[in-house]
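Chemist: Chain residues, written in single-letter form:
There are 4 protein chains.
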Amino acid sequence: MKITFIGLGVMGGPMAGHLAGKRHDVTVYNRTASKASQWARNHGGQSADTIPEAVRNAECIVTCVGADRDLHAIYLGQDGILANAPQGALLIDHTTASGEVAQELARHATSYGQSFIDAPVSGGQQGAENGQLTIMCGGDEAAFSRAEPIMAAYGKAVTRMGSAGAGQLTKMVNQISVAGVVQGLAEGLHFAEQVGLDQQRVIDVISQGAAQSWQMENRAGTMIEGEYNHGFAVDWMRKDLGICLEEARNHQATLPLTALVDQFYADVQNMGGGRWDTSSLLARLRGSGG
Amino acid sequence: MKITFIGLGVMGGPMAGHLAGKRHDVTVYNRTASKASQWARNHGGQSADTIPEAVRNAECIVTCVGADRDLHAIYLGQDGILANAPQGALLIDHTTASGEVAQELARHATSYGQSFIDAPVSGGQQGAENGQLTIMCGGDEAAFSRAEPIMAAYGKAVTRMGSAGAGQLTKMVNQISVAGVVQGLAEGLHFAEQVGLDQQRVIDVISQGAAQSWQMENRAGTMIEGEYNHGFAVDWMRKDLGICLEEARNHQATLPLTALVDQFYADVQNMGGGRWDTSSLLARLRGSGG
Amino acid sequence: MKITFIGLGVMGGPMAGHLAGKRHDVTVYNRTASKASQWARNHGGQSADTIPEAVRNAECIVTCVGADRDLHAIYLGQDGILANAPQGALLIDHTTASGEVAQELARHATSYGQSFIDAPVSGGQQGAENGQLTIMCGGDEAAFSRAEPIMAAYGKAVTRMGSAGAGQLTKMVNQISVAGVVQGLAEGLHFAEQVGLDQQRVIDVISQGAAQSWQMENRAGTMIEGEYNHGFAVDWMRKDLGICLEEARNHQATLPLTALVDQFYADVQNMGGGRWDTSSLLARLRGSGG
Amino acid sequence: MKITFIGLGVMGGPMAGHLAGKRHDVTVYNRTASKASQWARNHGGQSADTIPEAVRNAECIVTCVGADRDLHAIYLGQDGILANAPQGALLIDHTTASGEVAQELARHATSYGQSFIDAPVSGGQQGAENGQLTIMCGGDEAAFSRAEPIMAAYGKAVTRMGSAGAGQLTKMVNQISVAGVVQGLAEGLHFAEQVGLDQQRVIDVISQGAAQSWQMENRAGTMIEGEYNHGFAVDWMRKDLGICLEEARNHQATLPLTALVDQFYADVQNMGGGRWDTSSLLARLRGSGG
Ligand SMILES: NC(=O)C1=CN([C@@H]2O[C@H](COP(=O)(O)OP(=O)(O)OC[C@H]3O[C@@H](n4cnc5c(N)ncnc54)[C@H](OP(=O)(O)O)[C@@H]3O)[C@@H](O)[C@H]2O)C=CC1
Ligand SMILES: NC(=O)C1=CN([C@@H]2O[C@H](COP(=O)(O)OP(=O)(O)OC[C@H]3O[C@@H](n4cnc5c(N)ncnc54)[C@H](OP(=O)(O)O)[C@@H]3O)[C@@H](O)[C@H]2O)C=CC1
Ligand SMILES: NC(=O)C1=CN([C@@H]2O[C@H](COP(=O)(O)OP(=O)(O)OC[C@H]3O[C@@H](n4cnc5c(N)ncnc54)[C@H](OP(=O)(O)O)[C@@H]3O)[C@@H](O)[C@H]2O)C=CC1
Chain Z
1 MKITFIGLGV
11 MGGPMAGHLA
21 GKRHDVTVYN
31 RTASKASQWA
41 RNHGGQSADT
51 IPEAVRNAEC
61 IVTCVGADRD
71 LHAIYLGQDG
81 ILANAPQGAL
91 LIDHTTASGE
101 VAQELARHAT
111 SYGQSFIDAP
121 VSGGQQGAEN
131 GQLTIMCGGD
141 EAAFSRAEPI
151 MAAYGKAVTR
161 MGSAGAGQLT
171 KMVNQISVAG
181 VVQGLAEGLH
191 FAEQVGLDQQ
201 RVIDVISQGA
211 AQSWQMENRA
221 GTMIEGEYNH
231 GFAVDWMRKD
241 LGICLEEARN
251 HQATLPLTAL
261 VDQFYADVQN
271 MGGGRWDTSS
281 LLARLRGSGG
Chain H
1001 MKITFIGLGV
1011 MGGPMAGHLA
1021 GKRHDVTVYN
1031 RTASKASQWA
1041 RNHGGQSADT
1051 IPEAVRNAEC
1061 IVTCVGADRD
1071 LHAIYLGQDG
1081 ILANAPQGAL
1091 LIDHTTASGE
1101 VAQELARHAT
1111 SYGQSFIDAP
1121 VSGGQQGAEN
1131 GQLTIMCGGD
1141 EAAFSRAEPI
1151 MAAYGKAVTR
1161 MGSAGAGQLT
1171 KMVNQISVAG
1181 VVQGLAEGLH
1191 FAEQVGLDQQ
1201 RVIDVISQGA
1211 AQSWQMENRA
1221 GTMIEGEYNH
1231 GFAVDWMRKD
1241 LGICLEEARN
1251 HQATLPLTAL
1261 VDQFYADVQN
1271 MGGGRWDTSS
1281 LLARLRGSGG
Chain S
2001 MKITFIGLGV
2011 MGGPMAGHLA
2021 GKRHDVTVYN
2031 RTASKASQWA
2041 RNHGGQSADT
2051 IPEAVRNAEC
2061 IVTCVGADRD
2071 LHAIYLGQDG
2081 ILANAPQGAL
2091 LIDHTTASGE
2101 VAQELARHAT
2111 SYGQSFIDAP
2121 VSGGQQGAEN
2131 GQLTIMCGGD
2141 EAAFSRAEPI
2151 MAAYGKAVTR
2161 MGSAGAGQLT
2171 KMVNQISVAG
2181 VVQGLAEGLH
2191 FAEQVGLDQQ
2201 RVIDVISQGA
2211 AQSWQMENRA
2221 GTMIEGEYNH
2231 GFAVDWMRKD
2241 LGICLEEARN
2251 HQATLPLTAL
2261 VDQFYADVQN
2271 MGGGRWDTSS
2281 LLARLRGSGG
Chain W
3001 MKITFIGLGV
3011 MGGPMAGHLA
3021 GKRHDVTVYN
3031 RTASKASQWA
3041 RNHGGQSADT
3051 IPEAVRNAEC
3061 IVTCVGADRD
3071 LHAIYLGQDG
3081 ILANAPQGAL
3091 LIDHTTASGE
3101 VAQELARHAT
3111 SYGQSFIDAP
3121 VSGGQQGAEN
3131 GQLTIMCGGD
3141 EAAFSRAEPI
3151 MAAYGKAVTR
3161 MGSAGAGQLT
3171 KMVNQISVAG
3181 VVQGLAEGLH
3191 FAEQVGLDQQ
3201 RVIDVISQGA
3211 AQSWQMENRA
3221 GTMIEGEYNH
3231 GFAVDWMRKD
3241 LGICLEEARN
3251 HQATLPLTAL
3261 VDQFYADVQN
3271 MGGGRWDTSS
3281 LLARLRGSGG
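Sequence lines, in order, name chains Z, H, S and W. Residue 194 in our numbering sits at position 194 of the first sequence, with consecutive numbering throughout. So our numbering is basically just the index in the second sequence, starting at one, shifted up by 1000. So our numbering is basically just the index in the third sequence, starting at one, shifted up by 2000. So our numbering is basically just the index in the fourth sequence, starting at one, shifted up by 3000.
These are calculated hints, taken from the structure and not from any lab test.
Once the Cα atoms are required to be at most 35 Å apart in a straight line, the calculated DSBU-like pairs of lysine-lysine come out as:
1) H:Lys1035 - H:Lys1002
2) W:Lys3239 - W:Lys3035
3) Z:Lys2 - Z:Lys22
4) S:Lys2156 - W:Lys3156
5) H:Lys1239 - H:Lys1022
6) Z:Lys239 - S:Lys2239
7) H:Lys1239 - W:Lys3239
8) S:Lys2022 - S:Lys2156
9) H:Lys1002 - H:Lys1156
10) W:Lys3022 - W:Lys3239
11) H:Lys1156 - Z:Lys156
12) S:Lys2035 - S:Lys2156
Some chain Z residues flagged as far from chain H (calculated, every beta-carbon gap over 12 Å):
13) Gly9
14) Lys35
15) Ala40
16) Asn42
17) Leu76
18) Pro86
19) Asp140
20) Asp235
Partial pick of chain W residues on the chain H-facing surface, computed with a CB cut under 7 Å:
21) Gln3252
22) Thr3254
23) Pro3256
24) Ala3259
25) Leu3260
26) Gln3263
27) Ala3266
28) Asp3267
29) Asn3270
Cβ atoms here follow ideal geometry from the backbone N, Cα and C, with glycine treated the same way.
Using the sequences provided together with the hints, build the complete structure.
Modeler: If you want it as structure tokens, here you go:
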């Protein structure tokens, strides 16, 4: 299939690679052009210099950029995807963004005779590289049926959660849950340290029971070591929690813990940790806890 | 071995039963005497009417009561365990209590020529009944070596975490971590409900990744149904979080999330949910979230 | 002076009335036209049917609408204030909105040869009616000098805080401070009630010292009675706290208490209290506290 | 009247001085004896070396020590106040302590034929020195009638709030309210700083309205300067908030903000600010906020 991939970052780059690996005819576009030509050299597809050129003949366009405003930038306007992609094109977006923007783009796509699927992912850089992402999708069933086999190239679990925006909202539930787990784990480790316990030993014991979590199994060790370069960055997390809180505002949900942890991540940013991973909430407690 | 078990509640009853099942010579005592005679009828040991009578000839005394003040009531004073148990006796306490009381009792025990192990458990009623508890111990190594094979009757993992009090402190790390996980999960489910997602489907998808936790796998389903009778009660949890916060105060640890969730459990108590299980934080959000 | 007033709500109506009372030649416009004609009948000015008609000949245009998006609606576009007001016009906005929108409108105004002052107020409905508002202004000095005597009609204190947006940001500091005072006061009153103290007597005593606040002196009495119809609504407060948190996000400020109280106001909204005044945080505690 | 004063700290010293100034026959006792003899040299009363000696002939005994455990130390036991003061003695305690300990001491006093008044104060060191304290009392009316004229020596407002413990509980309402005000103010000032406003100017403007508080008028200026040596220490505040939270636990009150601010004060302690005054919550935000 003729597929165009826009946004060759930490996540998008490897995802596009998996598509190329499945013998799709892949064209890439990246705002910083050098990444696109580099990618084409490595993977053998074409790179385009502009969005109109990139999407003109695509059957499917896959995007993975930063946030709502970036989606506005690449989808809307006369040089945007919507105005330049052919009628009938399938648009798949892997950006973590708001449910609102997903609905807006889905509506616009329909008016162009195109189909839009919001499809944020979890699994991190490693999941993108290994092609083991979890993909949460929103959009109509027919479009999803077309999109699913394409995403199978890098997704280990691809699920349609409901109509437009449902993928984004599902991802938000994920982030809300992670926020609680990580802050709880950070406080547990901080407490263990202050009272003089052997932190790793504590984790080994309590991870057998009701306190267990993916974060405890995969991050506690590095947190204890003070290594916070194992994944999803605090700056991204704040963006996501900002979206959660905004959606909650619009849907009368009340998220006190999420709101507070979001502020704690602001503290981490102010400590210079915007690029640390989300487990750095422990650094914040240590910073204050001497 | 001649073992006396004191405190035949939800946890202690089955634990004493496992000891009897291992062919120990078990004597039981319970404040409310009827539970003791009932237990003896079921399990074939002896029941004693007073603590002095119960402990006089015991080689090992195992206790599982409510909280610090209950430990004071059964251990101290002239009718208490310490003053009436033989020299050389091994004392094992499964109550979840403060590290401070554990250290205090260990000190007193030493002065009576006895040995004390603090050994709080996790795994809940089911773990007690199946003999699959995780047991976190504090105390000196020699005493632990004597205690370990006894506890093996109902423990799947029995670990010495350090000197007196270390068992309790480890349990506190467990509770702190659980508090974060459960509130995060509750907010996630509440958000999912408010935005109109299929909650169970969301959990099925996100439990594959970084948001996964024991609570998500074992409690999300019942939370969605509004069933909150699956385990450890909110009243107990508040006691435990109270201990965490008190220990934190004494050890210069800072636990903002734990402090907040403790107050949220106060809300649950005020909704009449003191006997609901800890996952009822969702009821609180639903109550306020219409 | 020829002044046009747009937005005759709870605040704008009386403010426009004070301008008319100062013998300015006042034209009013309101989205819901009936309010405009009603106002004109009461105060003797003119009412216009459209924004272009309302602003075409105005020397000064004063606005007081709801929030950012409403400012976009009335200022921008070909039927908006900016495109239709004369060159040299002075634009004064009393809406509580973001610093960002104030800067955006100020920039646009400049490009039209007009001057824009952001001038949010505090003092509530009563202050608007009595002409006793506190007005916090942002914009350049020359424009402020022209605006100040006009606003004196309803302001007891009119201060220029800095360049465009500085008025809005000052108002945000006000709202952040109020959030803390009110939640602290609500918790104090709730505690007093639960422990069985005479709440009013407590307030009489403690308002003499370090716990004193405007809220304590002016709202504690009605809070105790459960009357929450004395002013600024929770829905407005959430809008304002949302702006605070958004600005904080952009300026690396960390506002944990504000974030939490914002969620508590979400609880109040979910209790049906969106139109109650901000002191209704006590209702929330009572709701949960039986 | 023959009055004995025990506890010549920052607060007690000047209070005892005011009693001497009213021509009472004052005997003082202080754990660290040098303070007592120093006081006697300055004020002309007697100093005693032990509590029994100090209280044996007293008609009234006034105490002002640290916390619950200190009250246990000086009141209970065979060398304590209760066992050595004459029958009929009036006991007045100015320590900020729990309502529970006040009730316990009142009960004991009754059994000795003595009367106990819990009488915590607000107004700080300055209030003690100027004799301008606010005094919140609990105890029976007859005892209060006897106590009131004595306390008038250093109290500008002396109020009986109810039976034993009511004084302490009133003080707790004070501290809860202060916690909210100060954190709100700190966040407001921090926000103002981060967005580049002139903080003092902002305070001058907003202190005219609904955000006004004693803290804003008396502490904002020094907070802006980063001076945190103007009164009541963070270590004391944590003790007090600990009492609030414990009482709340016992009376089913829910205090989320108080619980959180208590943890923020833990952060301040960990920054080395245990002796800074309570307005140092701003230092915490600045620390994290660069
Ligand atoms: N339930 C659970 O899922 C878990 C509980 N725990 C911890 O285990 C401990 C016991 O819990 P659980 O078995 O559920 O509690 P129960 O309330 O079922 O049992 C408590 C037992 O302690 C006895 N007891 C309490 N106070 C006294 C006292 N002052 N003097 C003498 N006996 C006393 C009670 O006697 P009586 O029969 O007379 O009331 C009863 O036998 C607690 O510390 C709890 O936090 C830990 C993990 C899981
Ligand atoms: N009420 C208070 O105590 C205080 C309010 N404020 C702030 O003042 C502002 C106004 O508040 P208040 O007067 O109480 O609000 P009201 O809801 O009473 O009035 C709002 C006014 O704005 C008009 N309006 C709103 N949206 C639009 C739009 N998109 N296009 C055209 N007109 C619009 C409304 O028109 P229509 O009649 O057609 O709805 C109405 O005239 C708000 O920003 C508020 O936060 C500040 C301090 C205190
Ligand atoms: N400082 C303030 O601004 C305010 C304080 N308070 C409250 O007033 C009380 C006293 O505060 P403050 O005067 O500042 O405290 P200080 O630390 O200055 O003084 C405490 C006094 O208590 C004595 N003391 C403490 N523990 C014992 C003990 N176990 N046995 C015998 N004496 C003891 C100390 O004796 P020694 O000299 O031997 O240490 C000292 O005389 C506290 O409860 C505080 O919370 C209330 C309002 C304001």
